[in-house]
Structure formats: structure tokens, C-alpha cells
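Undergrad: The residues making up each chain are set out below.
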Amino acid sequence: MRASLLAALRRPARGFSMPAFLAYLAVIAIVAAVPLFTKKPSLLHLWIMVFLAIGQGAAWNVIGGYTGQYSVGHAAYFGMGAYTTMMLLELHQIAPWYGIGLAVVNAVLLSLVIGSITFRLRGPYFVLASIAMAEIIRLVTLHFKDFTRGAEGILLNGIPPLELTEGLTIRFVGKQPFFYVALGLAVLAVSTNWFVQHTKLGYYFQAIREDQDAAHSLGINLTFHKSVALAISAGFTAAVGSVFALYVRFIDPNIVFSLPDVSVQMVLICIIGGIGTILGPVIGAVVMVLLGETLRNPKWLVQVGVAGSDSTLVAFIEQRLSNAHVLVYGVLVVIVILFAPDGILGLLRTWWGKLRRRGAPAAGDAVKPA
Amino acid sequence: MSAILEIKNVSKFFGGLAANSDVSFDVELNTIMGLIGPNGAGKTTLFNCITGYYPPSKGQVLFKGVVMNGLQPDQVCRLGMARTWQKVRPLAKMTVLDNVMVGALLRTHSLRVAREVAHEQLRIVGLAAKDSMLAGGLPIGERKKLEVARVLATKPELLLLDEVMGGLNAAESEEIIQLILSLKKLGLTQVVIEHDMKAIMRLSDRIVVLNSGEKLAEGAPREVADNPDVITAYLGEAVHA
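If you read the sequences in order, they're chains Z and U.
Just so you know, our numbering puts the end of the first sequence at 391, numbered straight through with nothing missing.
Just so you know, our numbering puts the end of the second sequence at 383, numbered straight through with nothing missing.
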């Protein structure tokens, strides 16, 4: 099993592998057991943010990583999800489990409209158009105060309990329920990436990424397949946006439609982890969340016991860096592009390859006749 | 004999420039049609008009009696007319096998079936040993073969080959010539753009010569080679003393 895990790390997997699948289930089971061992809200908060980031990264990976359409406007779908769920709940008293469903539908419809406009463009022009679309939606949300409450935002008063069967009721108080909802979402998003990579759809997405004209000449309907990829991506992004909104309990257009904190963050998760791979967004999410949380609120290092309460590092970050987190992201991107163009996962694969090559001739030397 | 491809008075204008003007010819079933002409004669533009990349400005393209005007390249390919690219377009970060599977997936939803078809096509073009290499790492000769294998996997009835021998050495060219001839034996109709005169004379049943976007001559290879207009187009006017 160890060998096949290493093999999976070495090259993009093709086909179903039982050991890898069992390892995946084992990891999920171990992570799901975390709340049994720790009740620390600051730790559970970190896990939830990581799960949501995995969901975001895996969602963006479908359109950006596999299909090669670098949308830097996914805040449109994230915010659409957050606003649909919150407006339905706070302004119309519709429970969020229906709200999230409608949020996904809304985002998919929005993606079809945005796609029909932006997919006419290629390369940098597509990127610019995707940014413009998300900004338009942010400004519209700010402007129509009567409908969205504008810059005032929406504050959540409470989530009604979810009665599954008689006697089994889930109350959304504390971190634990959100831990499992966010984990479920992350698992669903990562699994979707696996299915994308292992079906005809995924082959067509990747062919479009590699060369649109060649793909077109091989019988691939470009607009249709790009739209499908964007719809899958937008749907998951909206679901993550909904859960994020319910978890943090307050949204305004500048939070959920943010260019740096949502759109760019989603791209960075994939670039840093490893674009167009299944594990990449997971690795990238862990890095980005730890970095982001440390920069925004370095006190968590003290709360979980990594740093002492008098740590000079914590004080330095708090005073000097916490308002410059976007700058730090920028530096990080430069470092990754220079030293790990295929992300952290790519770097690990290269190291593993070198390690093996160094091992192989040594083994050959041993049996060389004297 | 019946025509599988009919090109009727096709013209293509880019602004005021006529890249093709009033070109007409038929391609008969199970033959090889050679398409030659000096650089800039409009050969590749004609391919692009036939396969849906550009709509022709005037005229009609009929494939198996169906009008192709207005169809997208993917629809043209689905109907059974496939083309290769003069400048090869490998799906660089995918393996050789995956490249051909993308072609094969046009006719099936099953990855298993597509994989079998792809292996078969790679055997035909002689790339079976390289199936797990990344396509971007192949040398030019093998990229050309991959291009052919990938397009064959879409199960075309008519194959348009745009300079598949360009940039190849003599031995590699000979392999491609043998491949084209063996595909003809399997019943595949082909239109071949090529600069190598010897190769095109050997391969073609008929040849169309384009010059400055117009059809200059059409006929059997020998007729075309002896045509004074063709000689003039390639070598310039004879000087009369």
C-alpha cells in the first residue's frame, strides 16, 4: 500500500486503485475523528477554514486546473452562494438546507451567463473578462440596497435546528456541526476532481487546456465542455460560499465578492499546491489557510500552544504584517513560480524522482560483474 | 465512382485579399488527392474552409452530399472528415496514449474501449512503444505520427493531411508514405498537402495545383507535371532568346 501511495505521488494516477481509495477513506475517517479529541474552538476553526479552502481550491481546479481557463472571478459564484443562502434565511425565513440548493442553482445559471460572454475570449483576455464580471456583480450588490442591504451587509441571527427524523435533531451551535458540513463538502469536491480526471469529460477538459484548436478538430465542442466545467466549478464554489456565510454569520459585498480574498485566493490555493492535480488543492489549502490565519490573527499560535504568549514573532506579525497579507501572498507566488512551477506537489514529485534515480544505478553497481 | 468531397466555387477573402478564389474540384471515394502549390497558394486556407475553421466567403463544400458550410470543426469531425495540422499540435502534458484516446473518445463513452482503439492506432503508426511518454517530449517525426494516430482514432472516412512530411528526413518520410498507402488499402480517402514532389507524384491518384488562391491545373500526376502553366508557377517564366 505504501508503494502504491508513493506511485500515486510520482505521476498523475490513471484508473481506479483500491489501495489509494482505501487510503483516502482512512484519511477521511481519521480527520472525522478529530472533534472527539479536541474541543478547542481555535483548532476546530482552523480545520473548518482548511476544509472550506479545499472546497474552493478543488472547485476552481475543475475549470482552471483541468480545463485551463484561468478564471480570476470566482468570487462571483462564492458571493452568489453566500448571498442566496443568507438572503433567503434572514429576509425570507427559508432554511439554509434549501437555501444552499438554490444557491448552487443560482451560481450554475450565473456561470452559464458569464461563460457565454467570457468563453469567446482566450488567454489573458479571458482572465480580465472574468475579473470584470465578478466586479460588476460586487458593485451591483453594493448598489441595490433595497434588495441586498448593500454595504450594510447581512447579519445572521440564528440557524433553525435541522430535524432529520424524530428525536434526531442537529443544532447549529458551536464549531462541531460546521466541522462535519465543511468536511463533507471538501470530500465531495475532491471526489469530483477524481471523477473529472477519470472520465471522458476529464479527457476532453484536459485536451481543451492543452490546445483548443486541436481539441476542436478532434470533435470536441469547446463551448459546451467549457460551460460544463465552469458550471461544476461554480456550483461547488457557491456551496462553499453558503457554508462560509452561515459559519461566519456576517457577509457584505466586500467580503464575499472580494478580488484578493476570494477570487485570487482560490487561484493561489491551486497554484501553490499543484494545478490540475487531485492532491494539489488540498496541499495548497493547508498552506494558504495557515498562512492567512497567521497573518490576520497571529494570536492563534499562542492559543494552540505553538508559540509562547510573549513571542516576539507573534508581536512582529501583529504589528507589521497583519495589514499586508496580500503583499505576503504576492511574494509567495513569486517564490512558487520561481522554484516550484508545478506547485508543492510538483516539487515533491521531482524530489521523489531524483531519489529513485539516485537509488537505481547504485543497485545496478552492486550486481556488476567484477 | 462517386465523389465523397465536392468543392464548388469556394472563395475565401481576408479583407480585400483573396486567399482562395473560385476553387472547384471533387475527391473520389477511396482515392488520394494531392494538393500542391507554391507557398501562399492557399492550400491550408482551403483545408480550414473545408473543416469549418473559416466559413467560406462564397461557394459550397459538400461531404457525402451534405453541405458543410456553417458547421463547426467538431461537427465536421463527427461527420467523418478529419484533418491534421501543418504545425503539429500535440496535447503536450498528456501521454501519447491519452492523446490518441482523446480522438477515440469521439466514438465511445468508455475509456476502456477508447484505450483499446488508441493502442491499435499507435501500433498502425509505429508508436506503440512510446505510449506512456508525454507527447511534448516526442521528436518532430514522432509528433507527426502521433498527429496521424490521433486523427485516425476519430474513425474518419476522409482524412486531410496538411504537410505530414514537412521537416522529416528521408527515412521518416518513407515511413509516412507507406502509412498513407496502407491507409488507402484500408479504404480511407485522403487529401494530401505536400511540398515533396517525388512523394506527391507517388502517392496521388489525382493532383490539384493551386497558385495565388486559384486552381491552376487538375489531373493525373503525369499530366500535371507536364503542364506548362504548372512549370511556370513553380520555376518562373521560361526565357526566350
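Hints may be right or wrong, so weigh each one.
Said to hold, decoys possible - In silico lysine-lysine, BS3-like type, Cα no more than 27 Å apart, as pairs:
| id | chain 1 | residue 1 | chain 2 | residue 2 |
| --- | --- | --- | --- | --- |
| 1 | U | Lys235 | U | Lys200 |
| 2 | U | Lys326 | Z | Lys221 |
| 3 | U | Lys235 | U | Lys206 |
| 4 | U | Lys272 | U | Lys150 |
| 5 | Z | Lys61 | Z | Lys196 |
| 6 | U | Lys327 | U | Lys297 |
| 7 | U | Lys206 | U | Lys272 |
| 8 | U | Lys150 | U | Lys235 |
| 9 | Z | Lys61 | Z | Lys320 |
| 10 | Z | Lys221 | U | Lys272 |
| 11 | U | Lys340 | U | Lys229 |
| 12 | U | Lys340 | Z | Lys221 |
| 13 | Z | Lys375 | U | Lys272 |
| 14 | U | Lys326 | Z | Lys375 |
| 15 | Z | Lys320 | Z | Lys196 |
Quick caveat, the hints were computed from the structure, so don't treat them as lab data.
Undergrad: Hint by hint, note whether the structure agrees.
TA: Results for each hint:
A C-alpha spacing of about 39 Å is found between Lys235(U) and Lys200(U), which places the hinted pair above 27 Å, so the restraint is violated. For the suggested pair Lys326(U) and Lys221(Z), the alpha carbons sit about 30 Å apart, so the restraint of at most 27 Å is broken. Between Lys235(U) and Lys206(U), the direct Cα distance comes to roughly 36 Å. Violation of the 27 Å bound is thereby established for this hinted pair. Proximity of Lys272(U) to Lys150(U) is assessed by CA-CA distance (about 42 Å); at most 27 Å being required, the pair is judged violated.
A hinted pair counts as satisfied when its Cα atoms are at most 27 Å apart, and Lys61(Z) with Lys196(Z) qualifies at roughly 9 Å. At most 27 Å may separate the alpha-carbon atoms for a hinted pair to count; Lys327(U) and Lys297(U) meet this at roughly 15 Å. Between the alpha carbons of Lys206(U) and Lys272(U) the distance comes to roughly 36 Å, so the proposed pair goes past 27 Å and is violated. Restraint check: the Cα-Cα separation between Lys150(U) and Lys235(U) comes to about 40 Å, which exceeds 27 Å; the hinted pair is violated.
Restraint check for Lys61(Z) and Lys320(Z): satisfied, since their Cα atoms lie roughly 14 Å apart, inside the 27 Å limit. Under the criterion of a C-alpha separation no larger than 27 Å, the hint pairing Lys221(Z) with Lys272(U) is consistent with the structure, at around 22 Å. For the proposed pair Lys340(U) and Lys229(U), the alpha carbon gap of about 22 Å is at most 27 Å, so the pair holds. At most 27 Å may separate the alpha-carbon atoms for a hinted pair to count; Lys340(U) and Lys221(Z) exceed this at roughly 42 Å.
Note on Lys375(Z) and Lys272(U): the hinted pairing holds, with a Cα-Cα distance of about 22 Å set against a maximum of 27 Å. About 47 Å separates the Cα atoms of Lys326(U) and Lys375(Z), which puts this hinted pair outside 27 Å; it is violated. Restraint check for Lys320(Z) and Lys196(Z): the C-alpha separation of about 19 Å stays at or below 27 Å, so the hint holds.
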